[in-house]
Amino acid sequence: MTPKRRRLWLLLGSLTTLGVAAALVLTALNDNLVFFYSPTQVAEKSIGPERRFRLGGLVEEGSVQKEGQIVRFTITDTNKTLKVTYRGILPDLFREGQGVIAEGSIGPDGVFTAREILAKHDENYMPPEVAKALKESGQWKDKK
Amino acid sequence: MIPELGHFALILALAVALVQGTLPLIGASRGDLRLMALGRTAALTQAFLVLVSFGALTQAYVTSDFSVLNVVDNSHSAKPLLYKISGVWGNHEGSMLLWALILALFGAAVAIFGNNLPDTLRSRVLAIQALIGVGFLAFLLFTSNPFARVFPAPADGNGLNPLLQDPGLAFHPPLLYLGYVGYSVTYAFAVAALLEGRVDAAWARWVRPWALAAWCFLTLGIALGSWWAYYILGWGGFWFWDPVENASLMPWLAGTALLHSAIVVEKRDALKSWTVLLALLAFSLSLLGTFLVRSGVLTSVHAFAQDPSRGMFILAFLLLVTGGGLALYAWRAPQLQGGGLFQPVSREGALILNNLLLCTLAVTVLLGTLYPLFLDLLTGNKVSVGPPFFNATFVPLCAPLFAALCVGPFLGWKRAELGPALMRLRVALVVSLAAALFAMTMIDSRSTLAALAFGFGVWLIVGSLASLTDRFRSGTLRTIPRSTLGMVISHASLGVVVLGSVATSSWNTELMQTMKPGDRIAFAGYSVVLDRMEEVRGPNYIAERATLNVSVGGKPYTVLQPERRLFTVQRRQVAETAIQTNLLRDFYATLGEGDPKQGWVIRLYLNPLAPWIWLGAALCALGGFVSLSDRRLRIGAPSRRPSSLQPAE
Numbered sequence: 001m002t003p004k005r006r007r008l009w010l011l012l013g014s015l016t017t018l019g020v021a022a023a024l025v026l027t028a029l030n031d032n033l034v035f036f037y038s039p040t041q042v043a044e045k046s047i048g049p050e051r052r053f054r055l056g057g058l059v060e061e062g063s064v065q066k067e068g069q070i071v072r073f074t075i076t077d078t079n080k081t082l083k084v085t086y087r088g089i090l091p092d093l094f095r096e097g098q099g100v101i102a103e104g105s106i107g108p109d110g111v112f113t114a115r116e117i118l119a120k121h122d123e124n125y126m127p128p129e130v131a132k133a134l135k136e137s138g139q140w141k142d143k144k
Numbered sequence: 145m146i147p148e149l150g151h152f153a154l155i156l157a158l159a160v161a162l163v164q165g166t167l168p169l170i171g172a173s174r175g176d177l178r179l180m181a182l183g184r185t186a187a188l189t190q191a192f193l194v195l196v197s198f199g200a201l202t203q204a205y206v207t208s209d210f211s212v213l214n215v216v217d218n219s220h221s222a223k224p225l226l227y228k229i230s231g232v233w234g235n236h237e238g239s240m241l242l243w244a245l246i247l248a249l250f251g252a253a254v255a256i257f258g259n260n261l262p263d264t265l266r267s268r269v270l271a272i273q274a275l276i277g278v279g280f281l282a283f284l285l286f287t288s289n290p291f292a293r294v295f296p297a298p299a300d301g302n303g304l305n306p307l308l309q310d311p312g313l314a315f316h317p318p319l320l321y322l323g324y325v326g327y328s329v330t331y332a333f334a335v336a337a338l339l340e341g342r343v344d345a346a347w348a349r350w351v352r353p354w355a356l357a358a359w360c361f362l363t364l365g366i367a368l369g370s371w372w373a374y375y376i377l378g379w380g381g382f383w384f385w386d387p388v389e390n391a392s393l394m395p396w397l398a399g400t401a402l403l404h405s406a407i408v409v410e411k412r413d414a415l416k417s418w419t420v421l422l423a424l425l426a427f428s429l430s431l432l433g434t435f436l437v438r439s440g441v442l443t444s445v446h447a448f449a450q451d452p453s454r455g456m457f458i459l460a461f462l463l464l465v466t467g468g469g470l471a472l473y474a475w476r477a478p479q480l481q482g483g484g485l486f487q488p489v490s491r492e493g494a495l496i497l498n499n500l501l502l503c504t505l506a507v508t509v510l511l512g513t514l515y516p517l518f519l520d521l522l523t524g525n526k527v528s529v530g531p532p533f534f535n536a537t538f539v540p541l542c543a544p545l546f547a548a549l550c551v552g553p554f555l556g557w558k559r560a561e562l563g564p565a566l567m568r569l570r571v572a573l574v575v576s577l578a579a580a581l582f583a584m585t586m587i588d589s590r591s592t593l594a595a596l597a598f599g600f601g602v603w604l605i606v607g608s609l610a611s612l613t614d615r616f617r618s619g620t621l622r623t624i625p626r627s628t629l630g631m632v633i634s635h636a637s638l639g640v641v642v643l644g645s646v647a648t649s650s651w652n653t654e655l656m657q658t659m660k661p662g663d664r665i666a667f668a669g670y671s672v673v674l675d676r677m678e679e680v681r682g683p684n685y686i687a688e689r690a691t692l693n694v695s696v697g698g699k700p701y702t703v704l705q706p707e708r709r710l711f712t713v714q715r716r717q718v719a720e721t722a723i724q725t726n727l728l729r730d731f732y733a734t735l736g737e738g739d740p741k742q743g744w745v746i747r748l749y750l751n752p753l754a755p756w757i758w759l760g761a762a763l764c765a766l767g768g769f770v771s772l773s774d775r776r777l778r779i780g781a782p783s784r785r786p787s788s789l790q791p792a793e
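So the protein sequences, as listed, match chains A and B. Each residue of the first sequence is one higher than the last, beginning at 1 in this note's numbering. Each residue of the second sequence is one higher than the last, beginning at 145 in this note's numbering.
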């Protein structure tokens, strides 16, 4: 086999692999992008009931209620609020007044059903999205 | 006094690194032996100085010297000794110091074990190592000084993040860094080769042990991190496709490709410029991983509070290292003439396919990880790309890789036939098809995909071991080269990992229940009773402990005691899972919040084959170490035997 033909083979092989990969990536990205919204953005946009997204903000003080495995609380960006229910064990760092990200969808009753509450390593950590949402609503206070 | 000594040693190390990064380079281009010899002395001196600095910080932690800010922020006098020590790298400054230390130690290792390297190559490699070191030492000294003092010294510290107070996580960063930083050596070798304008079989033979060592440590580091996530996060999962996990997977994929393409350079003198490129990319991806973790630009389960200026520094350094390496590559690589010709169906062809697929996988992970960043920059939309994306892209691309993996070792160099190779694999084919059928009919008829993946796992194990059958029959199993043995172990253990992850993620049983003491529930054929709740005191925490009596068929089977620990210093709760394993499945229990009136939330999982994931990963790394102990690599002699004498396996 001449070097030229070998290079042709290599090129064909790589192009096929890359093509398959690109097709997979594009379809997967289309179906699986999870957008991040603050309660204000949720109020502005009308989001379909089955659309999965991430909701971020602060856990409103005094809003957490527990009934067995069901937890109800309110996420706020201090401008708008949204009620959330979650069934399961909350991450260790979940606390009132702290930043939180919940992934799930809005039910027909307008309550956000969270399937996942994101855990954090570090209590000083503020998810960048939450910080941005708070800044946009003019509620950001720099700690330092 | 001692912290100042550490600080001073760090400054000296930077000065030494500057010398080591410049003079040997000049010496190598002028052919000045004295300047070149300087590289070795400097590398050893630098390693010693960074070691002193690291020792000084460790001393501050062990003795709880609260006049050092870093110790105040991350330690507490009541902490167990192990976590006082692991606290050294359980924070930004300390972990960067650990990085710099490992970098310097790798430099020293090249200086010590590099006796058989040509003078110019060795001095260039050491100089490049030192230039990377300059970047990190400057980063430490100018933005993240671990020795900053605080006055007046507080009476006690703030304690280490409780999630990090865990044996698994104590050793995860050092192992991961040994992997990440190990690729700095292959990077340095690649840049040095480009400067010399020469890549040959001898070069590949020198690079391969370093690539192999880095790969082994990275494998162990990733496995340990995944194990930690499995038992501490309490979701029963082991891999979350989180940006930080992806950050460690990308260099692993590129590094695995490098490991294989270096074989082609060594044995057949082909794929030279590609191998050099991979060596450059593996380290660039390691740096990218560090940047992603350290800058907090991506929302991650693992994200730590970050200072953006530090992120910018690493980003600039990343661009310099990657850009510089690639520019040099673009300039010099065309000079690297490939040697051996080969047919598409051949060992070389199989290794190219391996590289092609591994790199595609790495690119897929890279896209999925960075896409939210791009979209945010371009449109301001915040998105996340989660497990569904990776399951839809990564997993299908693994199928051809696994299919080809067992066939490759049966193909000869230069030119081979597919038929005879498949004939020798017929037993493996039949066994794995039977396994897939068994999974489809007996275990789970709903998920064809899981059954197929199960079949692939069995194929990897049996197909890899099949390459030993001829040797077994002829009784020459003992004479098998260690590198071949290592390959078989690593390939087969990949199958073990696949079986473990498929079984755990597809066929696990899960139950969440609110229980009061005395309550009994049935779970997957077991009977579970919440016997009692009690309070226990640890060295620096108070825990709520549940005692679950598990019985099967009326006979006591095991006792599980999950806890919720409240760390008194930080006022933070951490759940401690209880896992009972018989190596075939994990019985896994976590305790949620609760009180005597309402009861406690208990979550139970039965994870089949879960231990195989980490067992397999450990075996995979073991295979690497076995291969590393091969005599040819240990001696590293650049002997140039004709390739026909090389064993075909």
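A hint or two may mislead.
Listed next, the in silico BS3-like pairs over lysine-lysine satisfying Cα-Cα at most 25 Å (straight line) [unchecked claim]:
no.: 1; chain 1: A; residue 1: 4; chain 2: B; residue 2: 411
no.: 2; chain 1: A; residue 1: 66; chain 2: B; residue 2: 741
no.: 3; chain 1: A; residue 1: 45; chain 2: A; residue 2: 83
no.: 4; chain 1: A; residue 1: 45; chain 2: A; residue 2: 4
no.: 5; chain 1: B; residue 1: 699; chain 2: B; residue 2: 741
no.: 6; chain 1: B; residue 1: 660; chain 2: A; residue 2: 66
no.: 7; chain 1: B; residue 1: 699; chain 2: B; residue 2: 558
no.: 8; chain 1: A; residue 1: 45; chain 2: A; residue 2: 66
no.: 9; chain 1: B; residue 1: 660; chain 2: B; residue 2: 558
no.: 10; chain 1: A; residue 1: 66; chain 2: A; residue 2: 83
no.: 11; chain 1: A; residue 1: 4; chain 2: B; residue 2: 558
Distance ranges between label pairs, derived from CB positions [stated by the list, open to error]:
no.: 12; chain 1: B; residue 1: 686; chain 2: A; residue 2: 63; range: 52 to 62 Å
no.: 13; chain 1: A; residue 1: 16; chain 2: B; residue 2: 663; range: 30 to 40 Å
no.: 14; chain 1: B; residue 1: 661; chain 2: A; residue 2: 50; range: 51 to 61 Å
no.: 15; chain 1: A; residue 1: 66; chain 2: B; residue 2: 217; range: 24 to 34 Å
no.: 16; chain 1: A; residue 1: 16; chain 2: B; residue 2: 485; range: 19 to 29 Å
It should be emphasised that the hints constitute simulated quantities derived from the structure, not laboratory data. Just so you know, these numbers come straight off a predicted model, no measurement behind them. Ideal Cβ positions, reconstructed from N, Cα and C, are used throughout, including at glycine.
Each hint tested on the structure:
no., hint, verdict
1, 4/A to 411/B, "holds, 22 Å"
2, 66/A to 741/B, "holds, 12 Å"
3, 45/A to 83/A, "holds, 16 Å"
4, 45/A to 4/A, "violated, 56 Å"
5, 699/B to 741/B, "violated, 30 Å"
6, 660/B to 66/A, "holds, 16 Å"
7, 699/B to 558/B, "violated, 62 Å"
8, 45/A to 66/A, "violated, 29 Å"
9, 660/B to 558/B, "violated, 69 Å"
10, 66/A to 83/A, "holds, 14 Å"
11, 4/A to 558/B, "holds, 16 Å"
12, 686/B to 63/A: 52 to 62 Å, "violated, 27 Å"
13, 16/A to 663/B: 30 to 40 Å, "violated, 58 Å"
14, 661/B to 50/A: 51 to 61 Å, "violated, 41 Å"
15, 66/A to 217/B: 24 to 34 Å, "holds, 33 Å"
16, 16/A to 485/B: 19 to 29 Å, "holds, 22 Å"
In terms of the numbered hints stated before, the structure departs from hints 4, 5, 7, 8, 9, 12, 13, 14, listed from lowest to highest.
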